[in-house]
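Enquirer: Respectively, the protein sequence lines represent chains A and B. Under my numbering, the first sequence has 450 at position 450, and the numbering climbs by one with no breaks. Under my numbering, the second sequence has 25 at position 25, and the numbering climbs by one with no breaks.
Hints are computed from structural coordinates only; laboratory data are not their basis. Hints should not be assumed to be uniformly reliable.
Where chain B lies over chain A, by a calculated footprint (3+ residues, C-beta under 8 angstroms) [what the hints assert, rightly or not]:
hint	segment
1	96-108
2	121-129
3	147-156
4	244-254
5	317-329
6	390-399
Pair ranges (Cβ atoms, derived) [to be verified]:
hint	chain 1	residue 1	chain 2	residue 2	range
7	B	106	A	330	20 to 30 angstroms
8	B	137	A	420	37 to 47 angstroms
9	A	241	B	86	48 to 58 angstroms
10	B	361	A	425	52 to 62 angstroms
11	B	133	A	292	32 to 42 angstroms
12	A	91	B	275	29 to 39 angstroms
All C-beta atoms in this analysis are idealised placements derived from N, C-alpha and C, irrespective of residue type, glycine included.
In case you want the letters, here they are:
2 protein chains.
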Amino acid sequence: MKKDFLYNEIAGNIADKIKTGVLRAGERLSSVRTLSREHGISINTAKRIFLELEAQSLVQSKPQSGYFVSPLNYLKLPLPETSQPLPVVKNMEPNDLIDSVYSNMARNDLTLLSIGVPSGNLLPLAKLKKEIVLATRALQEGGTAYEPLQGNLKLRRMIAVRSLAWEGHLKESDVVTTNGCMNALALCLMALTEPGDTLALESPCYPGILQLAVSMGLKVLEIATHPVTGIAIDALEKLLPEINVCLLVPNFNTPYGYCMPDAHKKEIVKLLAKHNIPLIEDDTYGDLHFGPERPKCCKSFDTEGNVLWCSSVSKTLAPGYRVGWVAPGKYKDRLLRLKLVHALSSTAVIHEATGNFLMTGRYDHHLRQLRKTLQENYQRYALAIALHFPPGTKISRPQGGLTLWVEFPKEINTAKLYNYALKKQISIAPGRMFTLQDQFQNCMRLCIGLPWTDELSFTLKQLGSLAKAFITSTP
Amino acid sequence: MKKDFLYNEIAGNIADKIKTGVLRAGERLSSVRTLSREHGISINTAKRIFLELEAQSLVQSKPQSGYFVSPLNYLKLPLPETSQPLPVVKNMEPNDLIDSVYSNMARNDLTLLSIGVPSGNLLPLAKLKKEIVLATRALQEGGTAYEPLQGNLKLRRMIAVRSLAWEGHLKESDVVTTNGCMNALALCLMALTEPGDTLALESPCYPGILQLAVSMGLKVLEIATHPVTGIAIDALEKLLPEINVCLLVPNFNTPYGYCMPDAHKKEIVKLLAKHNIPLIEDDTYGDLHFGPERPKCCKSFDTEGNVLWCSSVSKTLAPGYRVGWVAPGKYKDRLLRLKLVHALSSTAVIHEATGNFLMTGRYDHHLRQLRKTLQENYQRYALAIALHFPPGTKISRPQGGLTLWVEFPKEINTAKLYNYALKKQISIAPGRMFTLQDQFQNCMRLCIGLPWTDELSFTLKQLGSLAKAFITSTP
Chain A
1 MKKDFLYNEI AGNIADKIKT GVLRAGERLS SVRTLSREHG ISINTAKRIF
51 LELEAQSLVQ SKPQSGYFVS PLNYLKLPLP ETSQPLPVVK NMEPNDLIDS
101 VYSNMARNDL TLLSIGVPSG NLLPLAKLKK EIVLATRALQ EGGTAYEPLQ
151 GNLKLRRMIA VRSLAWEGHL KESDVVTTNG CMNALALCLM ALTEPGDTLA
201 LESPCYPGIL QLAVSMGLKV LEIATHPVTG IAIDALEKLL PEINVCLLVP
251 NFNTPYGYCM PDAHKKEIVK LLAKHNIPLI EDDTYGDLHF GPERPKCCKS
301 FDTEGNVLWC SSVSKTLAPG YRVGWVAPGK YKDRLLRLKL VHALSSTAVI
351 HEATGNFLMT GRYDHHLRQL RKTLQENYQR YALAIALHFP PGTKISRPQG
401 GLTLWVEFPK EINTAKLYNY ALKKQISIAP GRMFTLQDQF QNCMRLCIGL
451 PWTDELSFTL KQLGSLAKAF ITSTP
Chain B
1 MKKDFLYNEI AGNIADKIKT GVLRAGERLS SVRTLSREHG ISINTAKRIF
51 LELEAQSLVQ SKPQSGYFVS PLNYLKLPLP ETSQPLPVVK NMEPNDLIDS
101 VYSNMARNDL TLLSIGVPSG NLLPLAKLKK EIVLATRALQ EGGTAYEPLQ
151 GNLKLRRMIA VRSLAWEGHL KESDVVTTNG CMNALALCLM ALTEPGDTLA
201 LESPCYPGIL QLAVSMGLKV LEIATHPVTG IAIDALEKLL PEINVCLLVP
251 NFNTPYGYCM PDAHKKEIVK LLAKHNIPLI EDDTYGDLHF GPERPKCCKS
301 FDTEGNVLWC SSVSKTLAPG YRVGWVAPGK YKDRLLRLKL VHALSSTAVI
351 HEATGNFLMT GRYDHHLRQL RKTLQENYQR YALAIALHFP PGTKISRPQG
401 GLTLWVEFPK EINTAKLYNY ALKKQISIAP GRMFTLQDQF QNCMRLCIGL
451 PWTDELSFTL KQLGSLAKAF ITSTP
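So here's chain A without its partners, still in its complex pose:
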């Protein structure tokens, strides 16, 4: 055990130094012998450490010369510019594109780079099954009865306990459970808007949110958004007089994957409260941080109950469970009434099973593994993009979450690329899905929540070739 611990520690230390830039691209590393001597470990263990780092694409071996820090070409890939949506409402839904991409969801024959959920291979399936069996036994009437309106108590208690990590200080009575996060967002919009109202969103934005807003008769105002720091506060501020409600995904927003800085969160919460504009916060990806710390939320800075904090386990544990929730602040009564008339109850067995799973501490164990995989995948994707995608390709810098945003040179149309890729059994999410305006035609979102395999590596290479073909000769 001690040996394993030491092994992980040494490998982790070197990896951190590479990732943070202390060790630079191309720099030569200590030899196997030196590493062995310095740390008092066997030659074989030292070798294993380098092999592990090599598997993570962090180091490269050169014959007769030893190990070097990988060129990490992805660090040289430029960042996309701040998005520049029109400062007016212009709802043009990309319906055909969305229908086509979503219809791929259930196909087994495709590599689904288009989705935004973790692959089943990365989920604790056996333990979840066990919890479901236990829940059918433990619940009165086997979970066939309606839940109390506010939702499963254990689940709400665990959400409250976990909120301490991001200084949310929620109580179980602050939380209302829902059928997944989309249902929470829908209930919030129903509680706060009437058709014709204007909703401000980040741009690019998760297509489900855009569609929900349009289907509810809302005007969508897309706001300029920076790929690393999130929504541009000055752009938001300028448009405030036109905005009725604001919906943000500040932590590891899909598609970009940024984490809005705390100072921005605080400022936005203050700004919106001052103008009496409710803020719906979608924190579905909050637990998927690559860094060591769980980021705060806008809700952490909410002193007036003006933030409706929504989340779920759909991106961390089980998309198909439909377990979500909202802490609706001062809008709780309205939310409860809407839950009563639209849903009445959630699925009792599954909400109980999820509540119990969160109580065991297995959730944190699982999250640690999942985060590690996602972060490693990001690095592998970035490297593959640097190696195989057309020159001029830009990528976002996710600090967490499940997706990566790719901006191609202007001549590459990703709606067309989508069709070519589909013929090769690859599904991507074209950029146009993430806006109601005429933007992002040369962009796409890639899911990094798939297990890394040689096949996936080859798929990315294929995708790069298809994109390159646009430049040499428009296909």
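Since the structure of chain A is provided, determine the placement of chain B on it from the hints.
Expert: Relative to the frame of chain A, chain B by itself:
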């Protein structure tokens, strides 16, 4: 086995003769000896038959004189009049009452006569649990992944198969699954209405539907409804020019429990299609017929795809499962889009388990038992009401479903009775909950989906006493 069969057959025959009036109230029955001789059964078996019929309150023994048909006072109880809501929209929500009654739902210390679901004691809990365990094993990724948008295939297939019984002739591709029937109704209303539109409903009407309509900004037009034949077609016809959408519960409507005659169903479908008014049909109670045949639906007569047929297993199998569906006719595309943005997916494990349960044929076996219990309960309730409720009390004549409607003399206010009953650990549903107008203040709905016990018998007696107190001296 043969003996048991004979026993059941003889008891059933006598019971049928009593229920259909061939044997009249007060009439003397054959003696134990005669019955034994006529059917070639033992004296003991003949005695058991009379005891069984006595337990069902169908016969009474008189010392030294033998057995007589029970007075069946409930058959003399008058029927409520056709409801007379105002022919204009007048949305006055009974919110406080509804909040109070719904907050009782999760209390274990009450006799919940207020609910409209079957008690857990009447459900096949062990078999359902087993199906859930099997579903976690059978589903790819243990049911953690999203379902295909249209929903679980097995479940949709079984809904299609079962539609043959009511001449629905649905195909699996006609069906979209939802999170319970309320979710199906909500999606239908979203697909078909805009705020300010007028929705026509039966009166009295299930409170959840009234609240849903109001929360969506709809104007609710309550239509006169007969307690045995349902919505008054002439009243509906007169108001057609003002109506945008119609939502009906033609089979065993709560609270009344009537079954709309086939001819009415046919006429309404034709009428609404002619005026291009979509019909949302809530058939949640359709499988709970007391008579031998599963009634048809409005959808059975729909040739133009203008009927959106909604149902669920919430009233027959497991309220807490949230398994519902809709066959949306020509509005399917709109429905699917709304499901995508509002719910994305249902709870995969539970929908798979329900689909499998329906496939085994256990569902029909369970339904037969449940229907028998509900019908017997109705008779027991009716008898208890005849014996213990104030003179002048009227009751509906449910032909199926889970509830019974009681109309007291005018001076009895059921909102007040609700408060008095609550102090005796009894929860009832006051009539005012079932309308947005100034109606039904002297009415209440009683759930007949509880197992019959001496305690329940006593509870009904207590309720009668509380109601009588209003007449002798307004408490």
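Enquirer: Does each hint fit the structure? Answer for all of them.
Expert: Going through the hints against the structure:
1. Look at the segment 96-108 of chain A against chain B: 4 of its residues bring a Cβ nearer than 8 angstroms to a Cβ of that chain, three or more, so the hint holds.
2. Residues of the segment 121-129 of chain A lying with their CB closer than 8 angstroms to a CB of chain B number 5, which satisfies the three-residue condition for coverage.
3. With a cut-off of 8 angstroms between beta carbons, the segment 147-156 of chain A has 3 residues touching chain B; three or more are needed, and the interface restraint holds.
4. Against chain B, the segment 244-254 of chain A contributes 0 residues with a C-beta closer than 8 angstroms to a partner C-beta. That does not satisfy the three-residue criterion, and the hint is violated.
5. For the segment 317-329 of chain A, the proposed coverage by chain B is satisfied: 6 residues have a C-beta within less than 8 angstroms of a C-beta in that chain, meeting the threshold of three.
6. Judged by the Cβ-Cβ criterion of 8 angstroms, the segment 390-399 of chain A is not covered by chain B as claimed, because only 0 of its residues qualify and three are needed.
7. Here the CB-CB span from residue 106/B to residue 330/A is close to 24 angstroms, well matched to the stated 20 to 30 angstroms.
8. For the pair residue 137/B and residue 420/A, the beta carbons lie near 39 angstroms from each other, so the given range of 37 to 47 angstroms is met.
9. Checked against the hint of 48 to 58 angstroms, the C-beta distance between residue 241/A and residue 86/B comes to roughly 42 angstroms, which is inconsistent with it.
10. As the Cβ distance of residue 361/B to residue 425/A is approximately 40 angstroms, the hint placing it in 52 to 62 angstroms is violated.
11. For residue 133/B and residue 292/A, the hinted distance range of 32 to 42 angstroms is satisfied, since their beta carbons lie about 39 angstroms from each other.
12. Between residue 91/A and residue 275/B, the C-beta spacing of about 31 angstroms keeps the proposed range 29 to 39 angstroms intact.
Hints 4, 6, 9 and 10 from the earlier list are contradicted by this structure; the remaining hints agree with it.
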